[in-house]
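Chains as they are written, first to last, in this note's numbering: chain A, 1 to 105; chain B, 1001 to 1162.
Hints are supplied without guarantee of correctness; some may be wrong.
Partial selection, computed: residues in chain A whose CB lies under 10 Å from chain B [unchecked claim]: (1) T12; (2) H49; (3) T52; (4) G66; (5) L98; (6) L103.
Partial selection, computed: residues in chain A whose CB lies under 7 Å from chain B [said to hold, decoys possible]: (7) F15; (8) N26; (9) G55; (10) F99.
Chain B stretches covered by chain A per the calculated footprint, using a threshold of three residues with CB under 8 Å from any CB of chain A [unchecked claim]: (11) 1056 to 1068; (12) 1092 to 1105; (13) 1123 to 1137.
These are computed hints drawn from the structure, not numbers from a lab.
Glycine included, C-beta positions come from ideal geometry on N, C-alpha and C.
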Amino acid sequence: MNSDSAKLNSATAGFGVAAAVTALFNTVLACAKDAYHPLLILMNGIAGHNWTTQGMADVILFVGLGLALSHSRAVERIRPDRLIMFLVAAVAFAGAGLFAWYLIF
Amino acid sequence: MNVTSSDVILLAHATFGVLGTVAAVWVFVEALNAREQNAQRTRVAAWAVALFLSGAWILGGYWYLRFYPAERALILNGPWPFAHSVFMETKEHLFLMTLILAFYLPIVVREQLQANPAARKMAMCVAMLIVITGLAIEGAGAVIDHGVKVALLRAAAMGAVK
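Same shape as in the complex, but just chain B:
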């Protein structure tokens, strides 16, 4: 088995992203059923979103700068160059928006959601925006991953022909 630091960081990045997205679903459900009894739990969930997505940012950022250039070269020379030029470019910039929403969520849930329908609606909308953009980012990650795979498969097939 040969697990490199690049593999560990990349998988940890994706895991933190998924956990942040799932925690945003948690916030949405808590806000939907906002009561005095679950106010503290909603705040914990909102901080979990911010912390998990911060972790995804730091790990993903480090991996992107340190390890991605080699994969980018592979993708751009492979059959799916759009995996980088469209999906990675969109993903890396869309993520920054999701991160800002994740930082905003703990501010929103400081309000008394059970007594303030406007704040409750805001919390649910922000949580849902994080879920939607988070899923789009995860999907883009899958396309990028496949871009590397088809590039390697083609390189291997060309090597076999030679």
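For reference, chain A alone in the conformation it holds in the complex:
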């Protein structure tokens, strides 16, 4: 079996998409709470500190989206190579985005 014909099971594919989306969400939320002060105050109020709230939001999004997508037929149609590329690109873009945000702003 080569990697073109091989398929990822629904859990691997579903949680893979969820991990990529969560990485991007994490960076967007980090930038948004810095740029929009009322959001920072809201996040401080939810779990005592905005970073704690952000960690909880990330885990809830990853688990919730992963479980939902794992039961969806759509993720099984995603080509593994594309999913791997999406995940790697999402983490690279989100990581570089965080560094750039704090460096520039």
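For chain A, the structure is supplied; the task is to place chain B on it using the hints.
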């Protein structure tokens, strides 16, 4: 000798982070040589990544909330304020991404890696992303540590001049 709970928690946090990163290298190597014989070992290594990085998260989170504000004030008043404003800010948010990847790794290695090249490639990529982001986080930790050091050295030098 005066070792405080802050010192113990901080060093334990860094140790768990390093162990999680090393365990991710272990997963990468096992996946690279995926066979039926090492499937169980790969799963153990993937759970080790998740558990070690969870430990780093809990310990680091507690230390960050309980002890870091005093060090942040020192850094921001010292010669390397970017140690906090760039490196700590990036580190604390990048870590959350690494943690999510660590939670994902045990899910990937439930697949038959020796029979599924796509799953094997995914396991290797996720493990490598954890290693790369883990090393970046460790490096950022060193910069933050140095930010505190140069702030204290400057404060001490100014005290000596007075």
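Against the structure, the hints:
1. Hint status for T12/A: holds, given a least beta-carbon distance of 5 Å to chain B, under 10 Å.
2. With 10 Å as the threshold, the beta carbon of H49/A comes within range of chain B, its nearest partner Cβ sitting at about 6 Å, so the hint holds.
3. Against a cut-off of 10 Å between C-beta atoms, the interface hint on T52/A holds, since the closest Cβ of chain B lies about 7 Å away.
4. Annotation: interface hint on G66/A holds; nearest CB of chain B at approximately 8 Å, less than 10 Å.
5. Contact between L98/A and chain B, as hinted, is supported at the beta carbon level, the nearest pair being about 5 Å apart and thus within 10 Å.
6. About 5 Å separates the beta-carbon of L103/A from the nearest beta-carbon of chain B, less than 10 Å, and the hint is met.
7. At its closest, the beta carbon of F15/A sits 5 Å from a beta carbon of chain B; the interface hint therefore holds under the 7 Å criterion.
8. With 7 Å as the threshold, the beta carbon of N26/A comes within range of chain B, its nearest partner Cβ sitting at about 5 Å, so the hint holds.
9. Because the beta carbon of G55/A sits about 6 Å from the nearest beta carbon in chain B, less than 7 Å, this interface hint is met.
10. Here the hint on F99/A is kept, as its CB sits about 5 Å from the closest CB of chain B, short of 7 Å.
11. Coverage of the stretch 1056 to 1068 of chain B by chain A holds. Counting CB-CB distances below 8 Å, 4 residues qualify, and the rule asks for three or more.
12. Only residues whose C-beta sits within less than 8 Å of a C-beta in chain A count toward coverage, and the stretch 1092 to 1105 of chain B has 10 of them, enough to reach three; the restraint holds.
13. Restraint check on the stretch 1123 to 1137 of chain B versus chain A: 5 residues with Cβ-Cβ distances below 8 Å, three needed, restraint holds.
Violated hints are absent here; each numbered hint is respected by the structure.
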